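Peer 1: Given only the sequences and the hints, what does the whole structure look like? Please build it.
First to last, the protein sequences are chains A and B.
For the first sequence, position 60 matches number 60 in this note's numbering, and the numbering has no gaps at all.
For the second sequence, position 358 matches number 762 in this note's numbering, and the numbering has no gaps at all.
None of these hints come from the bench; they were simulated from the model.
Careful, some of the hints might be misleading.
[As the list claims (entries may be wrong)] Heads up, simulated DSSO-like pairs for lysine-lysine below, C-alpha to C-alpha not over 27 Å straight-line: (1) A/Lys161 x A/Lys142; (2) B/Lys565 x B/Lys702; (3) B/Lys805 x A/Lys161; (4) B/Lys546 x B/Lys565; (5) A/Lys270 x A/Lys401; (6) B/Lys805 x A/Lys298.
Quick caveat: nothing in here was measured; it's all calculated off a predicted structure.
Each chain is listed here by its residues.
Number of protein chains: 2
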Amino acid sequence: MDITVLPDALVERGQDGGRIFLVVMDGVGGLPHPESGQTELEAAQTPHLDALAARSSLGMLLPVGPGITPGSGPGHLSLFGYDPVANQIGRGALSALGVGFDLQPGDVAVRLNLATLDGDGRVTDRRAGRPTDEEGRRVVEKVRTALAEVDEVELFIEHVKEHRAVLVFRGPGLSADFADTDPQETGVPPAPVTPLTPAASEVAGLIERVLARIGVAMADETVINGVLARGFAMFEGFPTLEEWFGLRALAVAQYPMYRGVARLVGMDVKDVPGSEDETVAFVEARHGGYDFVFAHFKAPDARGEDGDFAAKVAAIERIDALIPRFTALEPDVLIVTGDHSTPAGYGAHSWHAVPVLLASRWGRPTAASFGEAACRGGDLGRFEGKHLMSLALANAGRLAKFGA
Amino acid sequence: MDITVLPDALVERGQDGGRIFLVVMDGVGGLPHPESGQTELEAAQTPHLDALAARSSLGMLLPVGPGITPGSGPGHLSLFGYDPVANQIGRGALSALGVGFDLQPGDVAVRLNLATLDGDGRVTDRRAGRPTDEEGRRVVEKVRTALAEVDEVELFIEHVKEHRAVLVFRGPGLSADFADTDPQETGVPPAPVTPLTPAASEVAGLIERVLARIGVAMADETVINGVLARGFAMFEGFPTLEEWFGLRALAVAQYPMYRGVARLVGMDVKDVPGSEDETVAFVEARHGGYDFVFAHFKAPDARGEDGDFAAKVAAIERIDALIPRFTALEPDVLIVTGDHSTPAGYGAHSWHAVPVLLASRWGRPTAASFGEAACRGGDLGRFEGKHLMSLALANAGRLAKFGA
Chain A
1 MDITVLPDAL VERGQDGGRI FLVVMDGVGG LPHPESGQTE LEAAQTPHLD ALAARSSLGM
61 LLPVGPGITP GSGPGHLSLF GYDPVANQIG RGALSALGVG FDLQPGDVAV RLNLATLDGD
121 GRVTDRRAGR PTDEEGRRVV EKVRTALAEV DEVELFIEHV KEHRAVLVFR GPGLSADFAD
181 TDPQETGVPP APVTPLTPAA SEVAGLIERV LARIGVAMAD ETVINGVLAR GFAMFEGFPT
241 LEEWFGLRAL AVAQYPMYRG VARLVGMDVK DVPGSEDETV AFVEARHGGY DFVFAHFKAP
301 DARGEDGDFA AKVAAIERID ALIPRFTALE PDVLIVTGDH STPAGYGAHS WHAVPVLLAS
361 RWGRPTAASF GEAACRGGDL GRFEGKHLMS LALANAGRLA KFGA
Chain B
405 MDITVLPDAL VERGQDGGRI FLVVMDGVGG LPHPESGQTE LEAAQTPHLD ALAARSSLGM
465 LLPVGPGITP GSGPGHLSLF GYDPVANQIG RGALSALGVG FDLQPGDVAV RLNLATLDGD
525 GRVTDRRAGR PTDEEGRRVV EKVRTALAEV DEVELFIEHV KEHRAVLVFR GPGLSADFAD
585 TDPQETGVPP APVTPLTPAA SEVAGLIERV LARIGVAMAD ETVINGVLAR GFAMFEGFPT
645 LEEWFGLRAL AVAQYPMYRG VARLVGMDVK DVPGSEDETV AFVEARHGGY DFVFAHFKAP
705 DARGEDGDFA AKVAAIERID ALIPRFTALE PDVLIVTGDH STPAGYGAHS WHAVPVLLAS
765 RWGRPTAASF GEAACRGGDL GRFEGKHLMS LALANAGRLA KFGA
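Peer 2: As structure tokens, then:
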């Protein structure tokens with residue numbers, strides 16, 4: 001599997017390489033405000049990031065490729081040095097990781113839409129009226145109890161959010177080669193479990209019985225009384241950052257999705273911070289003994305998705321105020337970037353390139369500010385996210401010369 | 405076949421995506437004038453393109469790759485989102501498309517040089533003294549009449565220009581695995597028909613008989629009395645823009661070559677405009693119901709090939725004056741670029757990167773002018789042409805998020 005863009009032989013796995021900190025401002029990239037012409041990051045007052053930029057190499061990072069809007073999974077895999085296209089994780093697997101589920105190689109995960117069916121078993125609402133999290137969780141717990149009686153395979157079901165849940169099958173001989181049972185329209189019944197390969201045919205009956213059992217467990221419900229399966233995926237496991245890059249890695253993130261992706265590549269996830277301040281506090285307390293520290297801040301993305309330019313600016317300024325606490329820990333390489341852009345004017349993840357700052361002794365600084373315009377003219381140019389780890393390792397003295 | 409760089413699953417083929425216009429100023433990229441230091445595009449007075457640039461993302465496009473000078477076929481395929489290296493069309497096939505011939509999958513096309521042979525059948529002029537188009541056409545029509553008598557395969561022959569013609573074989577069991585019969589030198593006879601694979605051996609006799617029949621038809625000519633076959637190619641068909649990207653596409657181009665490439669990827673080609681003005685008029689009249697409109701302007705390339713800097717500047721200014729008629733149609737995405745550079749100082753297609761402007765609601769503008777210098781600092785950076793379609797689709801709201 002061509003899991004990384006970096007020739008394996010170059011990685012120096014000794015204990016004496018520099019320490020790398022990766023600070024992700026989720027969704028930091030933006031679009032110009034129609035009045036000022038400045039993006040959120042450019043409009044924000046960021047004295048600490050600007051000072052850091054003045055001794056950094058700057059650039060613009062394409063998480064996946066031109067025009068491609070990354071989800072959080074591929075966006076982060078790319079930052080961690082894994083080719084996000086070669087390593088597509090099924091959405092079911094990502095959902096499971098996102099709720100902190102400890103996926104193991106060979107597990108088959110599938111996302112479930114909680115849905116409403118009519119008396120004839122036809123879908124009337126593919127999202128069951130977008131139930132509250134409380135309501136969704138209540139029904140999923142009922143299903144979990146019912147599934148405990150299934151003994152031909154190990155099953156795990158977790159509520160994710162609103163109408164979304166994830167179901168994991170664990171056992172020998174499984175397959176994920178099934179079409180979705182979500183018919184993508186209302187007025188028709190869920191699609192039957194359809195195997196796409198001979199191997200899948202052998203376990204199709206099992207999948208069918210499990211989905212039927214879920215239906216039975218919901219039979220007395222009026223709103224959430226069916227499930228639609230989407231994105232069957234077998235989790236094949238990833239080489240860890242330690243195996244691949246020789247990095248003992250720590251992740252600190254408030255939200256489960258990001259802890260999930262970090263765990264996927266073998267990072268230690270010890271604590272669950274309750275705030276941005278606590279995110280830094282856990283880095284301060286735990287970073288000793290780690291070669292790579294990933295700290296995740298969600299707010300710029302969340303405010304971008306809200307479409308609130310001013311709130312995204314404020315979120316960026318709050319993170320800026322935390323930067324001195326990272327620099328005080330004296331990492332050899334400090335990278336600040338995002339996993340994608342979430343322009344407030346667009347109100348969603350977008351395909352636009354993301355500003356990136358890489359501070360180390362070996363920088364080629366080009367500007368004393370951190371923003372799209374400054375980064376566009378930076379020494380790192382515009383590059384695909386999967387190359388970020390190579391740059392980090394090089395600046396940390398962890399890559400050998402290529403060729404004699 | 406890895407025909408596009410875009411993961412298929414991302415393409416949203418619904419009817420409600422934005423409309424994309426692609427205006428190609430053929431050969432627009434240039435080199436600095438020795439006196440002014442400005443390229444043709446920079447020297448041109450282009451108020452409309454400059455205004456468009458002020459609300460666009462700019463960049464520099466490499467049609468194929470660094471140092472590669474594209475022909476018109478690969479240059480345009482790249483702009484249309486097809487990998488021009490993975491999808492090499494034989495020159496014979498391109499010639500057939502260029503003369504508006506309706507190639508079908510399985511057809512074998514080959515370019516013919518009209519040549520002069522001496523009494524012993526040795527080539528004395530590989531281009532028959534570069535005949536006038538009238539003269540070339542006259543002989544090709546005579547050959548066509550003779551070929552009508554061949555009944556073991558369907559044959560089409562078309563004159564292209566001067567000494568160039570194209571011959572197409574249509575029928576079951578054909579092969580294109582033959583070496584050229586053009587010996588590339590004079591004083592020797594044409595090379596025999598040489599099959600390169602076992603499959604080709606089975607139809608080598610047929611190819612030989614057809615070429616011999618052409619020779620007989622020319623026997624009473626003194627100048628054009630032989631043909632040299634170059635670039636046998638089987639046309640394998642392409643997925644259309646509609647199949648591949650969900651785009652119902654219209655092409656408007658004055659010259660057959662560009663209509664041919666457009667037809668190759670399934671664009672509708674309804675009218676043959678007689679002027680630049682009429683090119684826009686046909687777009688105005690026909691664009692309704694299309695998701696993608698390609699308008700082609702030949703003059704910058706033609707004047708570049710003439711080596712006439714001032715005339716190329718004037719050609720660009722003429723197209724600039726037409727831009728408001730495109731913007732008046734309110735496409736969601738308006739792209740202006742070239743399929744390659746044709747610097748007047750170089751006098752031919754060149755490998756230099758091509759300025760590109762992409763206007764949409766989601767632009768990151770960086771300059772209020774359209775030219776090499778402005779585009780070099782643009783937000784799109786420098787990218788391979790095959791990624792242009794991904795950017796166009798993203799800006800038109802036609803791409804799903806990649807991963808959860």
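Peer 1: Are A/Lys270 and A/Lys401 close enough, with their CA atoms no more than 27 Å apart?
Peer 2: violated, 35 Å
Peer 1: With the threshold set at 27 Å, check whether the alpha-carbon distance from B/Lys805 to A/Lys161 stays at or below it.
Peer 2: Holds - the C-alpha atoms of A/Lys161 and B/Lys805 are around 19 Å apart, at most 27 Å.
Peer 1: Hint check: A/Lys161 vs A/Lys142, CA-CA at most 27 Å. Holds or violated?
Peer 2: holds, 16 Å
Peer 1: Need the status of pair B/Lys565, B/Lys702: alpha-carbon distance at most 27 Å?
Peer 2: holds, 17 Å
Peer 1: For the pair supplied as a hint, B/Lys546 and B/Lys565, is the alpha-carbon distance within the 27 Å limit?
Peer 2: holds, 16 Å
Peer 1: Take a quick look at whether B/Lys805 and A/Lys298 sit within 27 Å of each other, Cα to Cα.
Peer 2: holds, 18 Å
Hint 5 alone, counting from the list given before, is not met by this structure.
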